[in-house]
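Visitor: Residue strings, one per chain:
There are 2 protein chains.
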Amino acid sequence: MQTIQQRFKVEYNYAVFFTENLFDTKNPLLQDFFNEYTEQGFQRKALVIVDEGFAQYHSDLSNQIHSYFAASVSHIQLAPEIINVPGGEACKNDPALFDSLVEAVDTYGIDRHSFIIAIGGGAVLDLVGYAAAVSHRGIKLIRIPTTVLSQNDSGVGVKNSINFRGKKNFLGTFAPPVAVFNDLTFLRTLDDRDWRGGVSEAIKVALIKDTSFFDWIETNTTAIVNRDEKAMAYLIHRCAEMHTDHIAGGDPFEFGSSRPLDFGHWAAHKLEFLTGFQVRHGEAVAIGIALDCVYANKIGQLADEDLSRILDVLGRLGFDLFHPKLSENDKINLRNGLNEFREHLGGRLTIMLLEKIGKGIEVHELDADIIAQSVDYLEGTKIIHAL
Amino acid sequence: MQTIQQRFKVEYNYAVFFTENLFDTKNPLLQDFFNEYTEQGFQRKALVIVDEGFAQYHSDLSNQIHSYFAASVSHIQLAPEIINVPGGEACKNDPALFDSLVEAVDTYGIDRHSFIIAIGGGAVLDLVGYAAAVSHRGIKLIRIPTTVLSQNDSGVGVKNSINFRGKKNFLGTFAPPVAVFNDLTFLRTLDDRDWRGGVSEAIKVALIKDTSFFDWIETNTTAIVNRDEKAMAYLIHRCAEMHTDHIAGGDPFEFGSSRPLDFGHWAAHKLEFLTGFQVRHGEAVAIGIALDCVYANKIGQLADEDLSRILDVLGRLGFDLFHPKLSENDKINLRNGLNEFREHLGGRLTIMLLEKIGKGIEVHELDADIIAQSVDYLEGTKIIHAL
Chain H
1 MQTIQQRFKV EYNYAVFFTE NLFDTKNPLL QDFFNEYTEQ GFQRKALVIV
51 DEGFAQYHSD LSNQIHSYFA ASVSHIQLAP EIINVPGGEA CKNDPALFDS
101 LVEAVDTYGI DRHSFIIAIG GGAVLDLVGY AAAVSHRGIK LIRIPTTVLS
151 QNDSGVGVKN SINFRGKKNF LGTFAPPVAV FNDLTFLRTL DDRDWRGGVS
201 EAIKVALIKD TSFFDWIETN TTAIVNRDEK AMAYLIHRCA EMHTDHIAGG
251 DPFEFGSSRP LDFGHWAAHK LEFLTGFQVR HGEAVAIGIA LDCVYANKIG
301 QLADEDLSRI LDVLGRLGFD LFHPKLSEND KINLRNGLNE FREHLGGRLT
351 IMLLEKIGKG IEVHELDADI IAQSVDYLEG TKIIHAL
Chain A
1 MQTIQQRFKV EYNYAVFFTE NLFDTKNPLL QDFFNEYTEQ GFQRKALVIV
51 DEGFAQYHSD LSNQIHSYFA ASVSHIQLAP EIINVPGGEA CKNDPALFDS
101 LVEAVDTYGI DRHSFIIAIG GGAVLDLVGY AAAVSHRGIK LIRIPTTVLS
151 QNDSGVGVKN SINFRGKKNF LGTFAPPVAV FNDLTFLRTL DDRDWRGGVS
201 EAIKVALIKD TSFFDWIETN TTAIVNRDEK AMAYLIHRCA EMHTDHIAGG
251 DPFEFGSSRP LDFGHWAAHK LEFLTGFQVR HGEAVAIGIA LDCVYANKIG
301 QLADEDLSRI LDVLGRLGFD LFHPKLSEND KINLRNGLNE FREHLGGRLT
351 IMLLEKIGKG IEVHELDADI IAQSVDYLEG TKIIHAL
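Residue numbers (the UniProt record's numbering), protein chains in the order written: chain H, 1 to 387; chain A, 1 to 387.
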């Protein structure tokens with residue numbers, strides 16, 4: 001019998017909107033979005049899930065959302081309960097939390113043509129996104145990221161995940177949202193660590209792809225540190241744009257093993273784990289970038305001047321460039337992260353290093369001794385703001 | 001800030017192979033397939049998971065697989081353990097079974113570039129497919145279906161699922177396999193119910209799309225009942241071909257709410273549930289087809305002669321056309337299935353009915369009284385072989 005060759009393409013299409021005061025009834029953005037979903041015979045619903053860490057600073061949020069839907073989106077039936085979930089990495093470790101979200105999908109009759117609206121930081125978006133992706137084989141997900149990191153990076157991308165028995169992101173899918181709404185005003189209640197944290201992802205993407213964006217960040221470090229919203233709005237938009245362009249232009253669902261956007265991430269993932277997530281993702285990425293830039297410099301790939309500019313920008317933004325856990329156990333703990341990174345990516349180890357500012361290049365091995373020397377170098381820079 | 005419009009396509013591509021004695025070292029098919037995966041720097045692995053219901057009739061299977069890999073696929077590292085899981089619907093109800101498969105992925109270091117090979121009936125393929133799809137955001141899945149139903153229908157498609165707290169297929173994804181291997185010799189150990197069961201999916205697709213295929217089935221009922229392998233091989237190939245064509249030609253990941261391939265399925269799903277899965281999926285589909293054909297005839301849409309031919313073919317193949325659970329509680333239990341079907345599809349109720357043999361047409365409502373009359377009609381046909 002002749003072999004059947006199956007072949008098809010699936011198209012994805014979503015907008016990342018930038019706005020302020022999203023749930024103000026005078027803001028028509030969300031209303032306009034839902035007005036595209038008015039077919040006869042459908043009763044679409046929406047279930048809203050909010051990061052507790054965000055909700056505590058926005059005590060009126062639940063009322064605002066109910067009022068907005070009543071006034072402007074009355075054709076979509078809002079589930080009566082707005083569900084709060086704990087924020088931060090911990091929420092991805094708790095299978096009962098995942099189960100409770102799936103249970104809510106059932107309780108409120110959220111079907112494949114209804115919406116789940118996730119409001120929160122990257123961890124909550126990951127958890128809710130995973131629950132949405134696997135319930136009924138995929139409910140329409142709207143992401144409303146509330147941190148710099150999620151607005152410029154994870155929240156605009158195509159992944160979700162939870163941890164499994166302590167293994168980070170072990171369970172997850174590639175599942176694009178139907179829309180992302182980035183509200184600048186939501187960033188006002190961030191503490192300085194989370195305001196700064198997401199900037200490292202912008203530096204990352206600038207370093208591997210866009211010299212002029214790095215120049216801009218370098219020029220604007222003071223404005224960013226001083227919480228200038230206009231500067232931050234530009235930084236987030238440019239970073240989100242480069243992130244989405246990269247996804248669309250390459251291998252969206254990562255069938256290959258190259259992952260350029262993971263520049264600086266192999267050490268970052270390990271450091272987050274080694275510190276029990278006390279060092280947050282963006283902070284760990286800053287250290288990971290610093291480490292891999294020192295490494296690239298030590299093997300003669302990255303010029304002294306470029307290295308100096310990179311470390312200077314990270315330092316002036318307030319990032320630590322070293323953490324004692326990097327050195328612990330004669331750096332063996334850190335170096336184990338390299339193999340774990342390979343296992344998670346699958347296939348061959350592929351690490352992005354810099355050739356110069358604005359241009360990355362992939363390598364397939366790192367030397368353990370030079371990693372150790374790079375850690376020592378960072379320790380010597382004494383750029384540690386608060387341990 | 002300007003809205004970012006993200007848009008991309010993801011391409012999927014897999015072969016459905018037809019063979020005999022797949023794990024005989026003289027059969028190069030599997031070897032040829034894996035020879036496409038020989039890149040430098042990769043150490044791909046394979047984890048094999050087998051349906052116990054199949055394994056009990058193929059006691060040498062584990063040895064055969066180990067021998068085949070040792071002789072012909074030595075560049076892929078076979079996990080030392082071949083895992084058996086219980087077959088049938090029960091395996092999709094047990095979260096611990098899902099967890100144990102994810103645990104095995106971790107234990108044996110199965111990464112995104114390695115393979116999970118699922119051997120079994122539709123329920124096992126669903127469970128293993130789901131575990132593969134969400135582990136590391138998707139491990140390459142090879143399906144080796146061992147029933148008529150899975151070789152001609154579910155096993156060649158793009159879905160997977162498990163049940164959640166008794167809700168059928170509540171959790172799942174759309175995740176195409178990297179290959180499907182249909183081995184005709186694996187069907188020899190099926191009992192008559194499972195040999196017959198999958199034929200109802202072939203009748204389904206013939207009725208809505210291909211008159212000449214229905215004619216062929218009608219002509220070959222005796223050969224099929226007599227377990228003629230050549231006839232069955234043709235039936236499976238043609239049904240699988242129509243199934244994969246339908247997926248590629250339409251809406252592979254079902255973003256819309258039309259599901260023509262669910263012809264006969266609304267009542268089938270409910271009947272499976274009402275009988276605690278004592279009535280198997282293919283058997284339930286045969287009754288569901290009969291019910292919807294009688295309905296279409298009663299509303300003047302399907303000619304008497306066509307209805308008669310359809311019921312005759314189903315009856316001659318040995319399918320029951322009625323089950324007492326259809327009538328229970330004054331048919332209210334059955335009719336509830338209609339709303340559950342709508343909720344599962346999401347959006348608007350869409351039911352495929354026949355206009356004539358070879359041509360389906362979608363409707364958006366069914367009349368409760370006419371459903372009841374159709375059930376009574378089926379009860380009156382007395383085509384009940386064994387209750």
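Hints may be right or wrong, so weigh each one.
One copy or any two copies: either way a pair holds, since identical chains are not told apart in the list.
Claimed, not checked - Distance condition first, Cα-Cα at most 30 angstroms in a straight line; then the derived DSSO-like pairs of lysine-lysine:
1) K331 x K298
2) K26 x K230
3) K9 x K230
4) K45 x K167
5) K359 x K26
6) K331 x K26
7) K167 x K230
8) K209 x K9
9) K9 x K26
10) K45 x K325
11) K230 x K298
12) K167 x K356
13) K9 x K325
14) K26 x K168
15) K331 x K9
16) K45 x K9
17) K209 x K26
18) K356 x K45
19) K45 x K209
20) K230 x K45
21) K167 x K26
22) K168 x K325
Hints are computed from structural coordinates only; laboratory data are not their basis.
Visitor: If you test the structure against every hint from before, which numbers come out violated?
Guide: Violated hints (numbers, rising): 3, 5, 6, 7, 9, 10, 11, 12, 13, 14, 15, 17, 18, 19, 20, 21; every other hint is consistent with the structure.
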